[in-house]
Amino acid sequence: DAKTTQPTSMDCAEGRAANLPCNHSTISGNEYVYWYRQIHSQGPQYIIHGLKNNETNEMASLIITEDRKSSTLILPHATLRDTAVYYCIVRVAYNQGGKLIFGQGTELSVKP
Amino acid sequence: NAGVTQTPKFRVLKTGQSMTLLCAQDMNHEYMYWYRQDPGMGLRLIHYSVGEGTTAKGEVPDGYNVSRLKKQNFLLGLESAAPSQTSVYFCASSYPRGGIQYGYTFGSGTRLTVV
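If you're matching them up, the sequences are chains A and B in order.
In case it helps, the numbering used here puts the first sequence at residues 1 to 112.
In case it helps, the numbering used here puts the second sequence at residues 1001 to 1115.
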């Protein structure tokens, strides 16, 4: 299963864009990149996912490099409520169980 | 629509006791998963199921058993609890619908302490 590498922690000023990087150099062609976040000890919350193309939704944007070996999650206007641990995950293909394999995540602190 | 519900939310067990954690989803999802999360770490997959009557091992299956007798329920059992199983347990579900990929819905967790 493909592994991901993320910085342990990052800070961001409130109102500014938060750019969270992730390396997944061993990703396979049919594996998706998912991003989740976890606030305190709550259940992980879905943010966004993608395969090849850049994606955007109401929460964030996902930029995937052309070789798919890395990606960046962008929170366009970070707020204090975005303080959380962010997980970049490579999802195993559904015909192999569709498993989400979590790494250590990035602890994002949004500061006033 | 409740999503994914985990029961109980908290539990304290003595070493050697047994218990069953229940995960119930009302979204007609095919795939269900059990994870554990230890302090300061990411979630680790214990067991998963891709449909009613099927189960498979994840990253850390030792000491746990699971059953999926009904599509909406996924049970995690500890036959003889050990202090190393003190953790927060999360259940998740998902539904692979053709070529469309969906997010996974997680429960709010079960906090288990084994003394």
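It is worth saying that the hints were derived from the structure and are not from the lab.
Idealized CB from N, CA, C, for every residue including glycine.
Possibly wrong hints are sitting among the right ones.
Among chain A residues calculated to face chain B with C-beta under 10 Å, some are [claimed, not checked]:
hint, residue
1, MET10
2, GLY15
3, PRO44
4, ILE48
5, ASN95
Here are a few chain B residues that sit away from chain A, every Cβ distance over 10 Å (derived from the structure) [what the hints assert, rightly or not]:
hint, residue
6, ALA1002
7, ASN1073
8, ALA1082
9, ARG1111
Checked hints:
no., hint, verdict
1, MET10, "violated (16 Å)"
2, GLY15, "violated (27 Å)"
3, PRO44, "holds (5 Å)"
4, ILE48, "holds (8 Å)"
5, ASN95, "holds (8 Å)"
6, ALA1002, "holds (13 Å)"
7, ASN1073, "holds (18 Å)"
8, ALA1082, "holds (22 Å)"
9, ARG1111, "violated (8 Å)"
Of the numbered hints listed earlier, those contradicted by the structure are 1, 2, 9.
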